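Protein chains in written order, with our numbering: chain A, 342 to 427; chain B, 46 to 449.
Keep in mind the hints are simulated off the structure, nothing from the lab.
Source: prediction; values computed, not measured.
Be aware that a few hints might be false.
Derived SDA-like pairs (lysine to any residue); straight-line CA-CA distance at most 25 Å [claimed, not checked]:
| hint | chain 1 | residue 1 | chain 2 | residue 2 |
| --- | --- | --- | --- | --- |
| 1 | B | K447 | B | D415 |
| 2 | B | K93 | A | E382 |
| 3 | B | K99 | B | G196 |
| 4 | B | K263 | A | E407 |
| 5 | A | K357 | B | L308 |
| 6 | A | K355 | A | A372 |
| 7 | A | K420 | B | A249 |
| 8 | A | K420 | A | P362 |
| 9 | A | K355 | B | T309 |
| 10 | B | K93 | A | D392 |
| 11 | A | K357 | B | D307 |
| 12 | B | K313 | A | D371 |
| 13 | B | K313 | B | A325 |
| 14 | B | K365 | B | I426 |
| 15 | A | K356 | B | G196 |
| 16 | A | K390 | A | S416 |
Residues per chain, in single letters:
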Amino acid sequence: MSDIASDVIEIIAKKKRVEKPTVELTDRLDALGLESLDAVEMIFDLEEKFDIEIPYNANTNNPRTEFGTVGEVVSAIEKIVANKKS
Amino acid sequence: MNRVVVTGLGTISPLGHTTASYWDSVKQGISGIGPITLVSTPEQLTQKVAAEVKNFDPLRHFEERELSTLDRISQFAVVAAREAIIQAGITFDIPLSLRTATIIGTGVGGQTTLDESFRRLYVEKKSRVFPLTIPKVMVNAPASQISMFCGLRGPAFAVASACASATHAIGLAFQMLRSGAVDCAVAGGAEACITFGTLRGWEAMRVMAPDTVRPFSKDRKGMVLGEGAAMLILEPLERARARGATILGEIVGFGMGADAADLTAPDKDGMARAMENALADAKLAPSDIQYVNAHGTGTAANDQTETQALHQVFGAHAGKLGVSSTKSMIGHALGAAGALELVATLMSIRESVMPPTIGYLGRDPACDLDYVPNEARVANIDAALSNSFAFGGLNAVLAVKKFT
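Produce the entire structure from the sequences given, and follow the hints as far as they go.
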């Protein structure tokens, strides 16, 4: 697993609201019980961790549907981080 | 139990510095939203627009030595209170001043002073801040300054319930007048929250619209911050009549409550309970209401939830209501919002004109009521509600009636 993946999993694990010992790349965000404020906090934590900006408006974006799974969040972050380096 | 009437209105808003100019623009559906000018480094902000009070020159209203004691929020508060008192034609002699309440809502207090002071410390690395920083920042400063400038010696304090502050303040004044605890009240709300730090805080919530606010509309993208103040003079009917005052409207009910649920997510049942409480307090049936001045922030969640709450309270009558959001024109002035919106509600009853919800692009299936889209409407209004629902789940609703 990449460093980004383990960091993302660590951040999402802190926000989950269901009893589950580990967070996997295949887990769905809605199944982890993330609510809208959790999503806003998760985005903030991701921005802080990777020093990136994630354009996100809670009125028009819904990470629980736009990102089905934890793995999709990881790929999105990997892309933003790669663009930042290039 | 006294009947409680409104005999004076004072307003300072993104659409004008008097009640007349404010209402005239609201009626015409003019937007007060524009580029942010109050922040010295707007390029560092993601948020580019707000509803600022434009061309406000404090020296037109205050002497320079007075200004060192007044944050922008208190300047707004005192200017609006003076206008309301002049319109009411009241002179506060000592006996009346002792029996006059000053109850002022604010969400965040003297933010301009706080922002400037902390910038000095953290950015400019200065070792001290201005001597009156604390009494300018404190949330009771607007109430205290109105009391001092206008000579009001009765119960005076601030009410803080974020976006419902002014509505709670006016509701409390209404209850004190109805019970006879006081003989007059200056009540309302003030806010001056367009500062770098506050805007950054709102950006972090991820609820701000990048262009403009479009309450209840499809493709709405969130809220826009506003600022300003509105003050009302409230009196028992008998007293107002005895002195021959012009009566601008009657407050007939106040409902409040708390969701005890989520910190920021709106709650349909909490909203509905506050409206039901206001109707019950006013002894009005849902079918007696023609107009609701909605909380209508323009966020996806608020507008959908408020619509559901209106359906719950009004049933089949919901479809007959005119429901509009003044925030579509003046943004969200947090602790002042409820007072600015009550002024619009009282004027709409008085002039039989429902103000519009501007910026409306078309129907969102989740918002299926009549939002008076884009253009004001001539309509007789006998009774109306003004809704305020705050972060923290604190809800307040006022019921007002045409005075007859």
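Each hint tested on the structure:
Of the pairs offered as hints, the one joining B:K447 and B:D415 holds, with about 22 Å between alpha carbons and a cut-off of 25 Å not exceeded. For the hint pairing B:K93 with A:E382, the CA-to-CA distance comes to about 23 Å; that is within 25 Å, so the pair holds. This hinted pair does not check out: B:K99 and B:G196 have alpha carbons roughly 28 Å apart, beyond 25 Å. Between B:K263 and A:E407, the direct Cα distance comes to roughly 19 Å. Compliance with the 25 Å bound is thereby established for this hinted pair.
Distance hint between A:K357 and B:L308 is fulfilled; the C-alpha atoms sit about 17 Å from each other, no more than 25 Å. Between A:K355 and A:A372 the CA atoms are separated by roughly 14 Å; this keeps the pair inside 25 Å, and the hint holds. Straight-line distance between C-alpha atoms of A:K420 and B:A249 comes to about 22 Å, which keeps the hinted pair within the 25 Å bound. As the CA atoms of A:K420 and A:P362 are separated by approximately 28 Å, the hinted pair breaks the 25 Å bound.
With a C-alpha separation of about 20 Å, the suggested pair A:K355 and B:T309 falls inside the 25 Å cut-off, and the hint holds. Only pairs whose Cα atoms come within 25 Å are accepted, and B:K93 paired with A:D392 is accepted, the gap being roughly 22 Å. With a C-alpha separation of about 16 Å, the suggested pair A:K357 and B:D307 falls inside the 25 Å cut-off, and the hint holds. A distance of roughly 22 Å separates the Cα atoms of B:K313 and A:D371; the hinted pair therefore holds under the 25 Å criterion.
Proximity of B:K313 to B:A325 is assessed by CA-CA distance (about 18 Å); at most 25 Å being required, the pair is judged to hold. A hinted pair counts as satisfied when its Cα atoms are at most 25 Å apart, and B:K365 with B:I426 qualifies at roughly 12 Å. For the hint linking A:K356 to B:G196, the alpha-carbon distance of about 53 Å lies beyond 25 Å, and the restraint is violated. This hinted pair checks out: A:K390 and A:S416 have alpha carbons roughly 15 Å apart, not beyond 25 Å.
When held up to the earlier numbered hints, the structure conflicts with 3, 8 and 15 and fits the remainder.
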